[in-house]
Amino acid sequence: MTQALPKFDPRTKLVWYSLMIYFALLSQTAAQLGITLLVCIMSSLILSGSFKHSKAMVIILLLLGLQILIIQLLFCREGTLVYQWGIFKIYSDALPLAITGILKATLIFYASLQFFTSASAQDFTLMLIKFKIPYRFAMLVGLGVRFLPLMKEEYQSIIDSQRTRGLKMDSVWDDLKAIIPTFLPFLYRAVRRSTEIALAMELRGYGRTKNRTFSSEIVLKYYDVVLIASMFLVISLSIITRLLPLI
Amino acid sequence: MKVIAKIIIEKLKFPNNEKPVLKNINFEIKQGDFIVITGGVASGKSALLHVITGAIPHYHNAELTGTVIIMGQDIKDMPLNRMSDYMGYMMQEPDNQIISLNVYENVAFGLENQELPYEQINQVVKNTLEFVGLRGYEERQTSSLSGGQAQRVVLAGVLALKVPILILDQPTAELDPQGRQEIYKRLGELNNTQNLTIIMVMDRVEEVLNYANRVLMLKDGEISKDYSPREYYWAQIKYQKELFRDSRHYTLDSNKPRESIAKISNVSFLYNNQLPGCEDINLEVYKGDFLSVVGLNGSGKSTLAKLLIGLLKPAMGEIRLFDQIIAKRNLSKILARVGFLFQNPDHQIFASTVEEEVGFSLKLRGERNDNLNQKVDQCLQFVGLADYKEMHPQRLSRGQRQLLALASILAGDPEFIITDEPTSGLDENQGYMIMEKLYDLSNNGKTILLITHDLAMAKDYSNRLVALYKHRIRLDIETKDIERHREELKAIGLDFPNTVTFKEGYDDTGTSEV
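Taken in sequence, the protein lines are chains A and B. Here the first sequence stands for residues 5 to 251, numbered as in our numbering. Here the second sequence stands for residues 5 to 518, numbered as in our numbering.
In short, the hints are calculated from the structure, not lab data. Don't take every hint at face value.
[To be verified] Here are the simulated lysine to aspartate or glutamate pairs, EDC-like style, with alpha carbons at most 16 Å apart:
1) Lys317(B) <-> Asp164(A)
2) Lys15(B) <-> Glu288(B)
3) Lys332(B) <-> Asp174(A)
4) Lys332(B) <-> Asp164(A)
5) Lys332(B) <-> Asp178(A)
6) Lys337(B) <-> Asp174(A)
7) Lys214(A) <-> Glu119(B)
8) Lys214(A) <-> Glu226(B)
[Stated by the list, open to error] Here are the computed distance ranges between Cβ atoms for each label pair:
9) Leu49(A) <-> Glu419(B): 23 to 29 Å
10) Lys172(A) <-> Gln378(B): 21 to 27 Å
11) Gln378(B) <-> Phe120(A): 53 to 59 Å
12) Arg476(B) <-> Ala194(A): 33 to 39 Å
13) Trp89(A) <-> Lys317(B): 44 to 50 Å
14) Thr217(A) <-> Lys80(B): 27 to 33 Å
15) Leu30(A) <-> Lys317(B): 27 to 33 Å
16) Asn131(B) <-> Ser116(A): 50 to 56 Å
Each residue gets a CB set at the ideal place from its N, CA and C atoms; glycine is no exception.
Make the full structure from the sequences, and use the hints.
What follows is the structure, given as C-alpha cells:
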C-alpha cells in the first residue's frame, strides 16, 4: 500500500507543512482547527499506513495540553464568571480557549513531526541545494543526522564509565555534581571527533570545487506540481477572503 | 622501482611543546612498497602519517621544517582537498570517517567531490563494494554496521578514489582476527596486482609481515630502524625473550574448594531493538582466576561484562557478585570492589592533570590526601607514567591514555578487574607490557576478567578461557587444554592464524620461505 503511493518531493512536503502551520496560526475556532488536524492526521495515515511514529507525541501533547488548560483556568478573564473559590476564579471562555490552544499546539507539533520524519536527510540536503544553499552548508543536515545518535551513545558510555569508577548518579543533585566528569570527556571526544571528520572529508576532496555531484537527485513530478499549485491556490484564496473585507 | 615520495623532516614541533614530535626523518617510498610503521607510544607514528597526507601543515597547527614530496609535488603547495588525487587516508576510528547515512553514499562521497558523472560513480561504487566483500550493502544504513563492516566501508570509500598511495593508521584495531585477516588479504592483493603503494601504521606488525616489504621502527620521533620483515621478526623474537617470561604457570589446585567471586546463572539480555546481547549464560568466576573471554566482534563479550557490573539489567536470570545479587541498592558498594577498564580511555578522562585523573576515584571514596598521593604515585609508577603526572591527559598519546585509564582503575585497589580490550591502540610491546602488569596483579591475588579478540594473548596469560559465539558460551576450558579444543575454536572463527602463518613463513635461520 505504502509502496504504491507516489514518493513526494521534499518541496511538496515543505509546502504542505507551511499550509498546516498557516492554518494552525490563522484558524480561530475549534471546529476549523479540528478539521485541519483531522486532514493532517488522515494524510499521515494514508501515506505511511500507521500512527506508529505518533505514539511518543501523545504523551508530550497530553502534558502540554494539561499545562494550557491549567493556565487558561487560572488566568483567563473573558466571558462570565462561572465559579469562584477565594481569589481563584473560572470564567466561561477558559475552556473553549484552552481547547483551541491545545488543538493549535497539536496541529503545529503533528505537522512538524510529519514533515521532519517523512523526508530523509539526503532529501533535505538536495532540497537545500535546489534552494541555492551552498553544499558546504546544505550537507550539515545529513552530518547532524548521522552523528547526533553516535554522540548520544557516546555520552551514555561516558556515564557508564564514570559510574564504574564510583561516581554516584542516583539523584538530581548527584547528576548536577557529575556534570564535569561526564561532560568534559564528552566535550573532548566531540572536539576530537569533529576534527577527524573534517580531516577525513577534506582528504576525500570535500570543498575542492564550487559544485559537486550528488548520486541522487530530486525532480518535481507532475503530481508534485499539481499539489504545490493547489496548496498555493488554497493559501491565496484564504488570504484574499481575509483581506477583501478590509478593502 | 620508481620513487613516488620523498620524506625529509628535519623537525616537527607542535605549539607549546618543547620537544619535537618528529626529527631527522629521511626516507623514500617506492611505487608498490608495502611499508609498516611501528613504534612505542608517542613515538610519532600518527604524526608522520599526518605529515605524509599533508594534514600537517595544512590542517593541524604545527611547525614543520623539511620537505615532503609526493609524486613530484611539494605538499606545502598542495591544498589538502587536492591530496585525494594522490592518496587515500584511512584513520583508526571508522565511525569518524563514515560521513553519510547509507553505505552507497559513503563510498560515493569522494567521487562526488571529484564531480564524476553519476553513471561512473555508480559503477565504481558497485565494483569497490564487491571488492571489499560488501556487495548488496548499498542501501544499508551505516549506523547498523558492525565494527568490521564499518571498517570495510571506510576502506571502500578510500579505494574508490583509485589513488596510487594508500595510507592506513591501525586499520584493523577494532576487528577480530577473522576480520583482520580479510583486510590484510585484500590489501596484499591490491599491492600485488595493482602495484598500489601501502603505508600502514600497525600495533601488531607480525600479522602483516607476510605482505610487507619494509618495517620502519620509530622511537622518540626518529626512525630508529629500517628493517626487512625477516629482520624485524627475529629482532622481535629476541626482544620478547629478553623482556618477558618464557612461560606462565598457574598453580591452581583443582581439588581445593575455590571462593566464588561472580556467578552468572541462566542470564539472557535483549537490546531495545530486540537484538540479543547474551543468551542463557552460565558462568562462575573464582578468586585468583585470570579468565579470558574471547569471541568474534558482536558475539556478546562486552554485553556480558556490562551485565556483570550492573550497567545492564538481565532480562532473565541472576547475577551474583561477591555473593550478593546485583541490585540498585547495593551496586555502588559492589562496584567499589570492582575495577572496569573500558576499551576507549577517552570515555573517562576529564581531569586537567594526569595525577588528578588517577586520584579521582580515591577522592570519591574520601581517601586522605597523603594516602591518596602515595597511591597515585604507586599506580603511575606501575604503568610507567610517573614522568607525566603534571601533564594534561589530553596531551598524551592514545596508548598513554589507555595506560592512564588502567592506573585510575588500579588506584581503587579493586579485588576484581574487568578489562575490555585493554591493549587496543597500543603497540605490540606496550600491549604485552600491559598484559604482564595484569599477570602480576593476578599473581598478587587479584581476579582478572579479560575481554579480547586475541586468542594468542588469552592463551599466553590466562588460566581459563571462555569462548562466546552468537551470544552464547560455546566453550569454558582451562587454557592449558586449548590445543585439544582447537577444532571447536576454529569452528567458531577463533584460531591463531597470524602467529602460525608468520612463523611458517620464516624458518629459524631467518630465511624467508615465502
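**Prompt:** Does the structure break any of the earlier hints, and which numbers would those be?
**Reply:** 2, 8, 9, 15, 16
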